[in-house]
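If you're matching them up, the sequences are chains C and U in order.
FYI, the numbering for the first sequence is 1 to 113, going by this note's numbering.
FYI, the numbering for the second sequence is 1 to 113, going by this note's numbering.
Be aware that a few hints might be false.
Pairs of lysine to aspartate or glutamate residues, derived as EDC-like cross-links and limited to a Cα-Cα distance of at most 16 Å, are as follows [what the hints assert, rightly or not]:
| id | chain 1 | residue 1 | chain 2 | residue 2 |
| --- | --- | --- | --- | --- |
| 1 | C | K20 | C | D65 |
| 2 | C | K41 | U | D39 |
| 3 | U | K1 | C | E63 |
| 4 | U | K68 | U | E56 |
| 5 | C | K14 | C | E101 |
| 6 | U | K105 | U | E15 |
To be clear, the hints were calculated from the coordinates, so they are not data collected in a lab.
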Amino acid sequence: GAVVSQHPSRVICKSGTSVKIECRSLDFQATTMFWYRQFPKQSLMLMATSNEGSKATYEQGVEKDKFLINHASLTLSTLTVTSAHPEDSSFYICSVSQGTEAFFGQGTRLTVV
Amino acid sequence: KQEVTQIPAALSVPEGENLVLNCSFTDSAIYNLQWFRQDPGKGLTSLLLIQSSQREQTSGRLNASLDKSSGRSTLYIAASQPGDSATYLCAVRPSNSGYALNFGKGTSLLVTP
Numbered sequence: 001g002a003v004v005s006q007h008p009s010r011v012i013c014k015s016g017t018s019v020k021i022e023c024r025s026l027d028f029q030a031t032t033m034f035w036y037r038q039f040p041k042q043s044l045m046l047m048a049t050s051n052e053g054s055k056a057t058y059e060q061g062v063e064k065d066k067f068l069i070n071h072a073s074l075t076l077s078t079l080t081v082t083s084a085h086p087e088d089s090s091f092y093i094c095s096v097s098q099g100t101e102a103f104f105g106q107g108t109r110l111t112v113v
Numbered sequence: 001k002q003e004v005t006q007i008p009a010a011l012s013v014p015e016g017e018n019l020v021l022n023c024s025f026t027d028s029a030i031y032n033l034q035w036f037r038q039d040p041g042k043g044l045t046s047l048l049l050i051q052s053s054q055r056e057q058t059s060g061r062l063n064a065s066l067d068k069s070s071g072r073s074t075l076y077i078a079a080s081q082p083g084d085s086a087t088y089l090c091a092v093r094p095s096n097s098g099y100a101l102n103f104g105k106g107t108s109l110l111v112t113p
């Protein structure tokens, strides 16, 4: 299946700063990538759909100005958490679909202090 | 909105036991259902994918069944091993959602030696 690489795996940042998370599809050209978020003891929730060459589609309740998504190429999507706050601390993970099957990156544990 | 429920939330079994994990979903209009494994702080590994037209899929010691009309799926693990300890996630792809998935909260499995 598709190989998805996500970086960094862990990041700690100060409140008010911005953090960029990269998601790469290593062996598959992905016109669409998905960003999910997982809070402790909760299920993964879709945040946004990243579309190559066009604007991302955000789920209800997700602030597009806070979570900036850029999908500049068929192999790279980035999620930037701007002006991070402690409540943004979570596990962020990206996904691509190859055929009908979904494949995920390793995830990024973000801690905002 | 599609709701996915997994029961039990946690399970502890001795090595060698066969076990069943349950997943239910509220809307039977799905394209497929996928079972994942998640190790602590890690990404998701795809285990089995069942298309809506299929009844079951098998991979090694794993067998997943799907009863779309009743909104249920089970993951059967035969002869469990300590290395099977992880969180198992069930996710459905609704027919009208593109490629995004709806996840359950997972079942945390511990297999003791």
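Status of each hint after checking the structure:
1. Only pairs whose Cα atoms come within 16 Å are accepted, and K20 (chain C) paired with D65 (chain C) is accepted, the gap being roughly 14 Å.
2. Proximity of K41 (chain C) to D39 (chain U) is assessed by CA-CA distance (about 14 Å); at most 16 Å being required, the pair is judged to hold.
3. With a C-alpha separation of about 20 Å, the suggested pair K1 (chain U) and E63 (chain C) falls outside the 16 Å cut-off, and the hint is violated.
4. Restraint check for K68 (chain U) and E56 (chain U): the C-alpha separation of about 11 Å stays at or below 16 Å, so the hint holds.
5. Distance check on the hinted pair: K14 (chain C) and E101 (chain C) sit about 37 Å apart at the alpha-carbon level, beyond 16 Å; violated.
6. Restraint check for K105 (chain U) and E15 (chain U): not satisfied, since their Cα atoms lie roughly 24 Å apart, outside the 16 Å limit.
The structure fails hints 3, 5 and 6 (numbered hints given earlier, in ascending order).
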